[in-house]
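Using the supplied hints, reconstruct the complex from the two chains, each of which is provided in its own coordinate frame.
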Amino acid sequence: MICFALFSWYPMVREIVLSFQQNNFVDPGKWVGFENFRTVFADPAFWAAWLNTAAFSGLALVIGYAVPFVLAVVLNELKHAKAYLRFVVYLPVMLPPAVAVLLFKWFYDPGSGLFNQALGVVHIPPLSWLDSTSTALISLVIVSTWMNLGTGTLIYLAALQSIPGDLYESAELDGAGLLKRVRHVTIPQTKLILLVMLLLQIVATMQVFIEPYLLTGGGPENATVTVAYLMYQYAFNFGDFGGGSALGLMLMVVLLVFSTIYLRVSREEAER
Amino acid sequence: MTTTRRGLSLLLVMGLGLVAASCGTADKKQAGDSAGGQVTITVGCEPPKSNPKEREAWEADVATFQKAHPNITVQGKDAFPCINPDTFQAKLAGGTQEDLFYVYYTDVRKIIEKKQAADISQYVGTVGAVKDLRPDVMGVFKANDNTDKTYGLPRNNYNMGLVYNRKLFTQAGLDPANPPKTWDDVRAAAKKIAALGPGYVGFGEYSAGNTGGWHFAAELYARGGSMVSNDGKTAAFNSDAGKAVLENLKRMRWDDNSMGSKQLLQWADLMRMMGGGKLGMMIGAPDVVQSVNNDFKGKFDDYGVTAVPESGGQSSLSGGDGYMFNPKASPEKIKAGLQWLEFHELTPGKGQFDYARAKAQGRPVGLPIPDLYGESAPGQQINALRKQYATVPVDNFTPYVEAQGKITNKLEPPKAQELYAVLDVAMSAVLTRKDADVGKLLADAESKANKILAKNT
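Protein sequences, first through last, are from chains A and B.
Each residue of the first sequence is one higher than the one before, counting from 18 in the working numbering.
Each residue of the second sequence is one higher than the one before, counting from 18 in the working numbering.
Isolated chain B, as found in the complex (with noise of 0.2 Å):
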């Protein structure tokens, strides 16, 4: 018995050693720190084997850059998705994240709320691009304390349409050069889909795992709603745009029969439908195209994007991807990290932008994305090469290029991972029940909303 007391008196000893341990402040120094002038980084988002052209043109990108840096030596860490977020948290609390490590805007700010990333304020200034970025895209990298202070730079940047099948299109009498402009356009298209027959989903849309609630707040900015109030204190979404959106829904839902009877799909639901040829529309950026494409068995001839309906003038989600910095990358590290960004992610001509080597290795050129510089120069330059090494219908996406002009990216609201968990009870109630009361949907939300921005964590 005494034996036993002891054992398990040692057990508790060391667990709590072990707690104590991990709540350690020892900040320990990193495995391939500059050492003679020498430095180290790690970089997440190396293409996977299993994609071997993007994965050639990465290592080729990476001999050219260590040989005009031969200080630098770049590791990539590949990895499919490129973020995993049941990862994320884990591989801070490990010590194993990368010293750039790759996000999307979604938790851009969630990151920086959180110190979790490094502040480059002081060193981003090297990257000349920065200067003609755009704005808005700049914006998702910088706190929003009005101390102005940077925490990362982008790789992708673009903001929500409507992508449709032009193929389905087709078949069902429509124009695909013609895309819809408004929402009853939308609800006509839809009808005119979901009557080829079984199977055939007119618009699809998303209720569960938070993306419910992602896609109400890329339509009500394209109707001129907003999610927060200005100070970003309140929910700003039971309003007008709001009821629109999930009266609009439930119209298509229930009244026209136009979106399929299986209801709370995630994000891989609608690009799998996308993808067999069986849905005619769904909100989505170009990337929906390029995703379809390459990992859902669709042809990139058959789709086309959009803006979304109505959007002229008002405003649209953006989205897009980028890369932060450890906040225990060290200095040198840091600079180092910003010329590898802005030698493969930002220069015209290079590394993701060398549209001549992904031309001549067969990969798809002439999506609008990423669209970082906008105007500027660089954009232009960007957009020429696209348009001279274009192996895909850049027709296809004109629609979604002309209304740019027209329409202001809009950033997700604060907290937005919470609020979208929230709005996903609405649109999963007009999407399901046919008596669902769209003004209580919204008025408990929101209610619900207030007290998630309450809250200072």
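Only chain A is shown next, with the shape it has when bound in the complex (with noise of 0.2 Å):
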């Protein structure tokens, strides 16, 4: 408990105070009201960050939610290789992000990129990806995807185990194919899982800074700019760690109340 108060606890009542403060970390914190919060308010790229956040979300919500779980249900409904696919589908979460980010910044190069060849073979032209103000954002939520894959497909593979097979051999009995079972069986059974799992990755998607920091800095013209990365601009870049902690409370208070609903769900899980 008390490693708990001092580095989970402290440290959030401490960027609290600090977002109220002018502090240079020599002299005592200067209180300001809410001038730190006016100061990012005003700045240009507030709402492009928040913007690119939600967009990063949603984005992240259609491409990174569905795949794992479809996954999922492929992997269990195979009789072979099972084991060697789940590895195959886990190895990635194996990867330290910083590695996984920067083979994915050799992927998007516009020039010799994997994926361009790739493009190239079918006869279709090269994309800018992470050059575009258009595809970049989406090839933020495409590296995030894939360093998360494993953890999301074991989760729902192991929700899916959980199933009673009975259910699945009167599902057959009745004449069910694959989609029939998926729709009658599998997502009744798991719903409280894939809300579950929804809310948690709005919470991390929220987050997301490691991807626009490594990749695009940003850029172009703030397309990637999110939230947690202008954070770390104030407080690092810019010196200004009132400003940073402003960012992060609003950001914590939004995330607040998605982890409240995530509390009260899995709450309504184990009760179950």
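Hint data in this document are derived by calculation from the structure and do not stem from the laboratory.
These numbers come from a predicted model, not from an experiment.
One side only, chain A facing chain B, incomplete, derived with CB under 8 Å:
{"hint": "1", "residue": "Pro127"}
{"hint": "2", "residue": "Gly234"}
{"hint": "3", "residue": "Gly235"}
{"hint": "4", "residue": "Phe255"}
Distance condition first, Cα-Cα at most 25 Å in a straight line; then the derived DSS-like pairs of lysine-lysine:
{"hint": "5", "chain 1": "A", "residue 1": "Lys47", "chain 2": "B", "residue 2": "Lys166"}
{"hint": "6", "chain 1": "A", "residue 1": "Lys47", "chain 2": "B", "residue 2": "Lys132"}
{"hint": "7", "chain 1": "A", "residue 1": "Lys122", "chain 2": "B", "residue 2": "Lys451"}
{"hint": "8", "chain 1": "A", "residue 1": "Lys47", "chain 2": "B", "residue 2": "Lys468"}
{"hint": "9", "chain 1": "B", "residue 1": "Lys267", "chain 2": "A", "residue 2": "Lys122"}
{"hint": "10", "chain 1": "A", "residue 1": "Lys47", "chain 2": "B", "residue 2": "Lys472"}
{"hint": "11", "chain 1": "A", "residue 1": "Lys122", "chain 2": "B", "residue 2": "Lys314"}
{"hint": "12", "chain 1": "B", "residue 1": "Lys376", "chain 2": "B", "residue 2": "Lys316"}
{"hint": "13", "chain 1": "A", "residue 1": "Lys47", "chain 2": "B", "residue 2": "Lys108"}
{"hint": "14", "chain 1": "A", "residue 1": "Lys122", "chain 2": "B", "residue 2": "Lys295"}
{"hint": "15", "chain 1": "B", "residue 1": "Lys127", "chain 2": "A", "residue 2": "Lys47"}
{"hint": "16", "chain 1": "B", "residue 1": "Lys208", "chain 2": "B", "residue 2": "Lys451"}
{"hint": "17", "chain 1": "B", "residue 1": "Lys316", "chain 2": "B", "residue 2": "Lys295"}
{"hint": "18", "chain 1": "B", "residue 1": "Lys345", "chain 2": "A", "residue 2": "Lys47"}
Here a beta-carbon is modelled for each residue, glycine too, at the ideal position from N, C-alpha and C.
Following this line, the structure appears as structure tokens:
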């Protein structure tokens, strides 16, 4: 509990304090009320950061939410090579995030990158990937999805395997094919875990930082600047911890809403 | 339930207690402070063990210094790179900042404004070399409030130029002894280098992580422009010079196709491309060649540096690094620290200027930097030693050196990082979008910059 208080509560409380202070870490902090919030509100990148964060989360839900579930269903249905394929799916999780992100930097290279070379094989002209305002954000979502695919798939797989086999057998006896079994057995039986994962994914993706930090530096034209990245800019590049903490507090409040819903849902699941 | 609540209350009290403790004003006496005339100083940027020759030289210098000053103990703190912006504030907050901490010019103004460095004005007079230092270099470490207070001393100084790959120039049929003097020359040379084949980039430019805005400032100064008005309160880059910077890049990127297709480059990207031998030119100072040689597999002989095109009679963005003092350092530590800096960073023939030793160790000698003294006596002495012990092809830097007399060093603008972040947008736009409207980009950036400059933080 002491460790929890020191490493989890203390930074959180400290962040709240800092967001209302001007602090140079030498003199005692000076209370400035909502000045830090006004500063970040007036920042030209503020709304871009929130819109990009929301868009990133939205795109991550469209792409990153469905893919692990589908993969889990497929893996669950397989009769052979299950263990091997589970390992293959989980492999990206084992790579340090920085390595995975830099690997994609090479994949996205507009000249010699793997993706454009693959497109060339089917006579599709090369894409700008990270260098275009229309594709940069979605390119980051693809990296993020790839990195987190394994964890999501394994959680779904565990949930699928807890579904009583006789339900599937009854469905099969009634003549249900794969899609019908998924619709009438799998989805209703995993409803709560699907909801929990949805909320967890929203909380995780809204904190996206490493992808814009390493791949795009927030560009082009602020197209990939996110709230967490802007927070980093304030704290470490502008030396304004007050502004960074104010942004952090705003993000925390938003995430708190989703976390509260998550807690309620997971409590329901536990009581089920 | 009651137990849970009591437990939570206890945790909350502990959390608040920790916060209160962190907000305390008690100024703890630092370990290693003077006792019986003895003083210990911690100094940042000791060369890391992975750089054995420089480390050996540092340790020899510490031994020599301590022999001459038996009451002072120098404790080096090694790190690579010497400063990491991520840890600077944390070290200050945690009380682990060195007594003499290492800084880039870019951060000096911010540190002074935030009162995160000690005022050394009353002690700095003991350093004899200070009177010979270039006034513009000393200006970097002074407050911008007409009080003439001093907060640090320099270790390195240069201004921006044009770094080019001599080997690629030769391959492309260009004369490496006659580098570009105008931006038209740069365009023509870049086209020839890009024509060498896939992967070759004629001219590389940054546009992300605030580095785009930084290079915009460098190119703007060299065209005679300014980032901010004289009083520093409004943006001044939305000018003919500012437009010329962006228009020129846009033409090279889209009309000439000589800047490669990969953009959003940051600091290490261009270094890597230079070291890999595929990049023809970039804006940078002689320290770029040093970095490319030491850390990115390039060879000294392959690179040359000249002035930024058309910068004669104009200004060039100055850069460099130095040391500032922990705001909690005692007067004894500050005095001892100044003695160390005078010995190690500012004395011709000693410390960083011990070129005889550097040559004996097989380290590069001959770069025209640091330029701390200009034409004053110590400057001439350092240049003579540099020439005497040169191990790198000094002729490769001749165009840069010759241009220095016609170029004024100019400091970075106030709120530099914030302005650079704003200008990253304009730089990334012209390099990634063919239809980018330069006038609108600069007008938008100007309006955003004015808000930042008006902000009183």
